[in-house]
Amino acid sequence: MTAVQQNNATHAHKLVAEGYDVCADAYKTLFSLKPSSTRSRWTDELVSTLSPGSNIIELGCGSGDMTIPFIQRGCKVTAVDISAKQIELARKAIPEATILHTDMMSLDFPPNTFDAVAAFYSILHLPFEEQGIIMERITRWLKPGGVVVANFPSEGSENSEDVVEHWLGATMYWRGLGVEGNRNLFKKHGKGLTVIKDEVVEDVLQKDTAASVSAPTETFHWIWAVKNES
Numbered sequence: 070m071t072a073v074q075q076n077n078a079t080h081a082h083k084l085v086a087e088g089y090d091v092c093a094d095a096y097k098t099l100f101s102l103k104p105s106s107t108r109s110r111w112t113d114e115l116v117s118t119l120s121p122g123s124n125i126i127e128l129g130c131g132s133g134d135m136t137i138p139f140i141q142r143g144c145k146v147t148a149v150d151i152s153a154k155q156i157e158l159a160r161k162a163i164p165e166a167t168i169l170h171t172d173m174m175s176l177d178f179p180p181n182t183f184d185a186v187a188a189f190y191s192i193l194h195l196p197f198e199e200q201g202i203i204m205e206r207i208t209r210w211l212k213p214g215g216v217v218v219a220n221f222p223s224e225g226s227e228n229s230e231d232v233v234e235h236w237l238g239a240t241m242y243w244r245g246l247g248v249e250g251n252r253n254l255f256k257k258h259g260k261g262l263t264v265i266k267d268e269v270v271e272d273v274l275q276k277d278t279a280a281s282v283s284a285p286t287e288t289f290h291w292i293w294a295v296k297n298e299s
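Taking our numbering, the leading residue of the sequence shown gets 70, the next gets one more, and so forth.
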């Protein structure tokens with residue numbers, strides 16, 4: 070990345086870390102403890118494919134409440150989040166996990182480390198350049214036959230602001246490539262991955278959640294991909 074891109078990325082990471090520190094309790098109450106039906110369904114489906122002892126990393130674990138099913142399955146879980154407050158909550162919710170308070174872009178693992186990578190509502194907080202970089206790393210970290218499950222904004226950022234103020238009382242940053250952009254992200258930066266499920270879903274939010282974010286629904290692009298065996 071160029072120096073300008075790196076400076077922009079550093080600023081974005083700071084906004085996300087500070088934003089989730091501010092809204093961690095509200096996010097836990099409104100989203101982690103009341104996940105969308107699609108988030109619950111995709112989590113359950115991923116858990117069902119894993120065996121006890123499977124090595125999984127969750128990028129953006131938040132409060133850890135939605136990580137619990139992987140723990141209950143007997144998986145070896147590495148849970149990562151950039152927010153100190155979210156990590157504080159996660160340590161209470163999932164003490165069995167290896168919990169890392171860090172920026173996902175700072176992670177480094179050997180090739181073929183993980184059976185699964187879960188990235189719910191997390192890659193979207195990276196600038197475009199870093200979204201490509203993290204996809205390449207995820208592909209490298211996965212074992213052959215390993216799974217990555219992630220979701221992304223269904224609309225590109227040209228249709229919305231990258232920095233949103235007063236989101237659950239916080240200032241938040243995200244970048245959306247749009248549906249075709251998300252697909253191209255996997256094609257270009259996920260070489261060696263095969264997409265087996267691709268859904269754009271609009272979920273109706275619960276009343277208190279909808280009131281808090283001033284939107285009755287949320288629409289995300291969900292992608293499930295498997296690393297080729299050879």
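Fair warning: there could be bad hints in the mix.
[As the list claims (entries may be wrong)] Simulated pairs of lysine-lysine, BS3-like, Cα-Cα distance not exceeding 27 Å:
id	residue 1	residue 2
1	Lys103	Lys212
2	Lys154	Lys212
3	Lys161	Lys83
4	Lys212	Lys260
5	Lys276	Lys145
6	Lys260	Lys276
7	Lys212	Lys276
8	Lys97	Lys145
9	Lys154	Lys256
10	Lys161	Lys260
11	Lys276	Lys97
Simulated from the structure, these hints should not be mistaken for lab results.
For each hint, the structure was consulted:
For the given pair, lysine 103 sits about 32 Å from lysine 212 by alpha-carbon distance, which is inconsistent with the 27 Å threshold. This hinted pair does not check out: lysine 154 and lysine 212 have alpha carbons roughly 31 Å apart, beyond 27 Å. Of the pairs offered as hints, the one joining lysine 161 and lysine 83 holds, with about 24 Å between alpha carbons and a cut-off of 27 Å not exceeded. For a cut-off of 27 Å, the pair hint linking lysine 212 to lysine 260 stands: about 14 Å separates their Cα positions.
Proximity of lysine 276 to lysine 145 is assessed by CA-CA distance (about 35 Å); at most 27 Å being required, the pair is judged violated. Of the pairs offered as hints, the one joining lysine 260 and lysine 276 is violated, with about 41 Å between alpha carbons and a cut-off of 27 Å exceeded. For a cut-off of 27 Å, the pair hint linking lysine 212 to lysine 276 is broken: about 41 Å separates their Cα positions. A threshold of 27 Å between alpha carbons decides the hint, and for lysine 97 with lysine 145 the separation of about 23 Å falls inside it, so the pair holds.
Distance hint between lysine 154 and lysine 256 is unfulfilled; the C-alpha atoms sit about 35 Å from each other, more than 27 Å. Between lysine 161 and lysine 260 the alpha-carbon distance is near 37 Å, which puts this suggested pair outside the 27 Å criterion. The hinted pair formed by lysine 276 and lysine 97 meets the criterion: a straight-line CA distance of about 15 Å does not exceed 27 Å.
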